[in-house]
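One letter stands for each residue in the lines below.
2 protein chains.
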Amino acid sequence: MSRKEITILEDLLSSNKKIAQDIRLYLKAKNIFSINLMSSPGSGKTSLIEKLIEELFPKHPIAVIEGDIETDLDAARIKAKGVPAWSITTGGACHLEARMIAQVLKEISEPTEFLFIENVGNLVCPASYDLGENLRFVLLSIPEGEDKPLKYPKAFLTAHCLVITKIDLIGLLSFDLEKVKEEARKINPHLAIFATSARTGQGVKELATYLLYQRKQWLETNA
Amino acid sequence: MSRKEITILEDLLSSNKKIAQDIRLYLKAKNIFSINLMSSPGSGKTSLIEKLIEELFPKHPIAVIEGDIETDLDAARIKAKGVPAWSITTGGACHLEARMIAQVLKEISEPTEFLFIENVGNLVCPASYDLGENLRFVLLSIPEGEDKPLKYPKAFLTAHCLVITKIDLIGLLSFDLEKVKEEARKINPHLAIFATSARTGQGVKELATYLLYQRKQWLETNA
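Just so you know, the sequences run in chain order A and H.
Just so we're aligned: 179 in the numbering used here is position 179 of the first sequence, and the numbers increase by one with no gaps anywhere.
Just so we're aligned: 223 in the numbering used here is position 223 of the second sequence, and the numbers increase by one with no gaps anywhere.
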């Protein structure tokens with residue numbers, strides 16, 4: 001990139017960061033703990049949210065924001081579970097930005113414990129945009145292959161939690177789970193790692209327990 | 001996006017288009033037919049190129065440019081097949097641009113019939129950048145799910161050919177092949193569609209035949 005392009009990108013990111021910080025304060029005041037889910041298209045973000053809803057809802061009220069380039073197919077899937085969902089269609093843009101989230105937040109009127117924000121399917125651009133979330137998930141599905149942490153390091157570097165999805169396919173495909181964990185932790189030693197399957201339910205309860213624990217810790221801090 | 005951002009993007013795309021047109025003329029003079037492969041991370045772009053190499057090479061000389069954010073793992077896989085390969089690491093950028101291709105082209109010194117350009121794994125941004133290619137492939141793997149044409153229409157709209165990959169998994173996963181073909185053709189009625197598997201080899205010979213035919217047609221035109 002030329003110097004001019006870099007400067008413009010820095011301005012965009014800096015103004016995004018300010019809005020994200022406002023969002024974090026706003027959500028903290030309402031005790032809403034938010035999770036930003038990033039992955040390639042088709043890694044299973046919506047399916048994972050559906051399974052977490054089955055595990056947590058309605059005991060723990062949930063709201064969902066679905067980011068997509070086009071269509072509101074994903075929001076419709078979430079609403080079918082009885083959970084309020086908002087669709088943000090970016091109309092071509094490859095990631096969500098904090099200002100898009102800010103516009104939707106005022107519509108969340110019911111008491112809410114967890115807000116899931118499903119980013120646009122893209123393992124590159126979303127990693128650069130803070131959405132004011134408390135936790136960032138990166139999903140990696142077994143069919144995508146084990147070289148992804150090395151090839152898309154920023155997504156793994158900026159995430160708090162790596163959720164391996166479609167783990168039920170591991171016997172069928174060549175995927176070295178231990179190698180992926182090791183390479184992901186080389187990039188980000190603090191990464192929590194879960195292996196899940198939306199089809200069999202494997203690992204979903206553990207991930208839900210992790211979310212409840214993270215929210216509890218967060219409620220007890222002033223951050 | 002703000003008006004200023006849109007203007008800057010238009011400038012970038014217009015200067016990219018000019019370089020792409022120069023590349024097309026340069027490659028035409030050398031009879032090198034080029035294919036730009038776009039898909040999500042992990043859809044199997046490198047594996048498809050490997051299989052096409054097995055089908056076409058060495059009778060039809062091939063060169064490969066591998067675009068990645070980080071690492072030259074993919075170029076190493078191609079070189080292991082005896083085919084010259086160049087790695088472009090974008091260092092964070094989510095797509096290849098024509099000027100990156102132009103820098104590599106002068107290093108292709110041997111007579112070459114096909115140049116495969118593997119774009120960065122991303123179903124969004126690469127669709128906006130002409131690389132001077134003659135054919136554009138969009139890959140969609142069975143595990144990614146059947147909703148991708150509707151959700152990422154630009155990739156399907158700008159491609160000449162949809163290559164469905166990992167077709168050997170179709171019995172195991174829920175994927176309605178006819179529905180995907182129909183929705184992809186609603187977006188782009190001219191799309192050629194192939195169903196392939198790098199594991200079983202299904203559909204690779206047909207795709208190689210299509211490439212040979214497309215190149216022959218192109219050699220006979222003045223375009």
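These aren't lab readings, by the way, just hints derived from the structure by calculation.
Please note: incorrect hints may appear among the correct ones.
Heads up, the list lumps identical chains together, so a pair's fine if it works in one copy or across two of them.
Pairs of lysine to any residue, SDA-like flavour, derived with a Cα cap of 20 Å [what the hints assert, rightly or not]:
#, residue 1, residue 2
1, 79, 19
2, 154, 89
3, 28, 135
4, 179, 11
Hints versus structure:
Neither within a single protomer nor between protomers do residue 79 and residue 19 lie at most 20 Å apart by alpha-carbon distance, with minima of 27 Å and 47 Å respectively. In the homo-oligomer, the alpha carbons of residue 154 and residue 89 lie at most 20 Å apart only across protomers (14 Å), although the nearest pairing inside one protomer, at 24 Å, exceeds that limit. In this assembly of identical chains, the alpha carbons of residue 28 and residue 135 lie at most 20 Å apart only when taken from the same copy (13 Å versus 50 Å across copies). For the identical chains of this complex, residue 179 and residue 11 are neighbours neither inside a copy (38 Å) nor across copies (43 Å), given an alpha-carbon limit of 20 Å.
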